[in-house]
Amino acid sequence: MPNLALARIRKDLIGTWKLVSYTSKPAGKDGPIEYPLGKDAKGYIIYTADGYMSAQIMRPGSKFYSSLDPFATADDEAADAARHYLAYNGPFEVIEHEGKVAVKHHADLALVPNWVGSQQLRFCELEGDELVLMPTQPWILNDQFTESPKRKRCLMSHLTLASWASVVPCSCLDLATASQSSLEISPVTHTLTMLPHENPECGVKFVPAIEYFDSADADSFLAKENGYIDWPDFRILKSEEYPVHHEPINLGVTYRSWVLNSPVYLQWCHKQAKEQGAQFIRANVVSMEEAISIFQGQSQGSDADDIQAVINATGRGLNDPDSFPSRGQFIIVSNQCDKTISHHWADGSSTVIIPRPLGGGTVIGGTKEPNSWSEDISDTVTKTILKRVAGICPELIDRADNGTDEAHGFEIRQVYAARRPMRRGGLRLEKEMLSQGIPIVHCYGAGASGFKISWGVAKQVERLISSTQLLVNDPLETS
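Under the working numbering, the letters of the sequence shown match residues 149 to 627, in that order.
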């Protein structure tokens, strides 16, 4: 079965599935259908875009513990509850097994101790909104061999943001009132340098970076104002360090950069903010005034009226006419890479290779398609990405490409589309007053550079809130 077909099935699995029925019957013979956890069993199985799963099934109506402390309850009560519950989680893979599609669950955690560290392999039948999972081998259940369960989708939640980020010192934003290199290098590099050491769970990692350019004038391109030469470990590559068959490349550079796994990093940021007292409210709004009204309606006491400032970091600026999406198609592969690589082609397109800290595997891509919201995956684009990446980084491939493998030696986990919030004129970073007399700082439209400049922009936002300035006119402080 082609890797691309398995990747499409993996993409369709992502989301939350609600249990419809959990049944068993004697293996290899006719017999009555049984319900190990009752006909009204409840459960969910969740597959995440970064390659993890969690399965929970229970029989409703278990007896309440006599103690509010679950660790202090009587042994017989705990045993009875555990007998009516199945749970495990860990990484997952979609593979071919005996000519059929199967999903392999790696049980890192499990309620059944025997399952910890095991691989739970299930045949996978997916049609529309219905998913059927069956063990590839009979189970022993009530001293009989049985076959197993059926689930139905409850909620499908596709990943709409890229699951990676890396930083390259390119002047891709039009910041008329702020220094791009200042935003990137000073607070960003310092803060992100410390994060992996002080908070290794945050999803940030420093790695070597390589960039190849088909069209670049070395003298002007490497001018100090462009930022490259200020990056740690920067040097110009020799031509013999280029990939084989590198004829289009006329400039290559390397430096020390960082990559991050954005779902992991954002969860870490969310946790840090909550610990600092931040309150999170989910709501659909069409204006800043509506957002303020919702906040006031859900807040209590003096907080509802004591709004010191509003920060508009909505990505597209609540339908700013200058904002537009830029779609990119990317692939997550299991192949491991210890550096990030970019190849900027003469036609303006780019190929990227970005390792994913903590999440495993590597993101490769991609495309730049302005004004596209499409989630459709192009097989032609996928094949082009695989071929280009195999050419610029052959060591990433586990096996030799014999020219017939459509995956070019890559083990594909997922193919997905991401949209970046672009803006004509670049990042909007300015302050104005709302009709209620509340100052608002606009900070959106960073496109693909959002993570890259986030810490530096946050410093500027802080300065605007505490000053009478309406625009950022002064160089970013580096202290």
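Bear in mind the hints are in silico, worked out from the structure with no lab data behind them.
In this text the structure is predicted, and so the values were computed from the model without any measurement.
Warning: the hint list may mix true and false statements.
Claimed, not checked - Cβ-Cβ distance ranges computed for the label pairs, FRET-style:
1. N432 to D224: 23 to 33 Å
2. I157 to M581: 51 to 61 Å
3. F212 to G265: 48 to 58 Å
4. D527 to T221: 50 to 60 Å
5. F212 to K531: 55 to 65 Å
6. I157 to K190: 37 to 47 Å
7. R430 to F382: 37 to 47 Å
8. K386 to V433: 49 to 59 Å
9. S169 to Q584: 50 to 60 Å
10. G186 to A457: 53 to 63 Å
11. T528 to E244: 20 to 30 Å
12. V433 to N347: 23 to 33 Å
As the list claims (entries may be wrong) - Below, a list of computed lysine to any residue pairs in the SDA-like style, where the Cα atoms sit at most 20 Å apart:
13. K353 to K487
14. K535 to E554
15. K422 to I455
16. K166 to P208
17. K353 to H418
18. K190 to L281
19. K248 to L281
20. K190 to V168
Beta carbons: idealized from backbone N, C-alpha and C, even for Gly.
Going through the hints against the structure:
For N432 paired with D224, a C-beta distance near 49 Å fails the hint of 23 to 33 Å. Evaluation of the 51 to 61 Å hint for I157 and M581 yields a pass: the beta carbon distance comes to about 52 Å. For the pair F212 and G265, the beta carbons lie near 32 Å from each other, so the given range of 48 to 58 Å is not met. The hint said 50 to 60 Å for the Cβ distance between D527 and T221, and at roughly 54 Å that hint holds.
Look at F212 against K531: about 57 Å separates their beta carbons, and that is inside 55 to 65 Å. A C-beta distance of roughly 26 Å is found between I157 and K190, which places it outside the suggested range of 37 to 47 Å. For R430 and F382, the hinted distance range of 37 to 47 Å is satisfied, since their beta carbons lie about 43 Å from each other. Range check, K386 to V433: about 54 Å between beta-carbon atoms, so the 49 to 59 Å window is met.
Separated by about 54 Å at the C-beta atoms, S169 and Q584 satisfy the suggested range of 50 to 60 Å. Separation of G186 from A457 is about 54 Å and conforms to the stated range, judged on CB atoms against 53 to 63 Å. Checking the proposed 20 to 30 Å range against T528 and E244 shows it holds: the Cβ atoms sit about 23 Å from each other. Checked against the hint of 23 to 33 Å, the C-beta distance between V433 and N347 comes to roughly 32 Å, which is consistent with it.
Only pairs whose Cα atoms come within 20 Å are accepted, and K353 paired with K487 is accepted, the gap being roughly 10 Å. Of the supplied pair hints, the one linking K535 and E554 holds, its CA atoms being roughly 9 Å apart against a limit of 20 Å. At roughly 18 Å between alpha-carbon atoms, K422 and I455 fall within 20 Å of each other, so this suggested pair holds. At roughly 15 Å between alpha-carbon atoms, K166 and P208 fall within 20 Å of each other, so this suggested pair holds.
Proximity of K353 to H418 is assessed by CA-CA distance (about 19 Å); at most 20 Å being required, the pair is judged to hold. At roughly 15 Å between alpha-carbon atoms, K190 and L281 fall within 20 Å of each other, so this suggested pair holds. At most 20 Å may separate the alpha-carbon atoms for a hinted pair to count; K248 and L281 meet this at roughly 12 Å. Straight-line distance between C-alpha atoms of K190 and V168 comes to about 8 Å, which keeps the hinted pair within the 20 Å bound.
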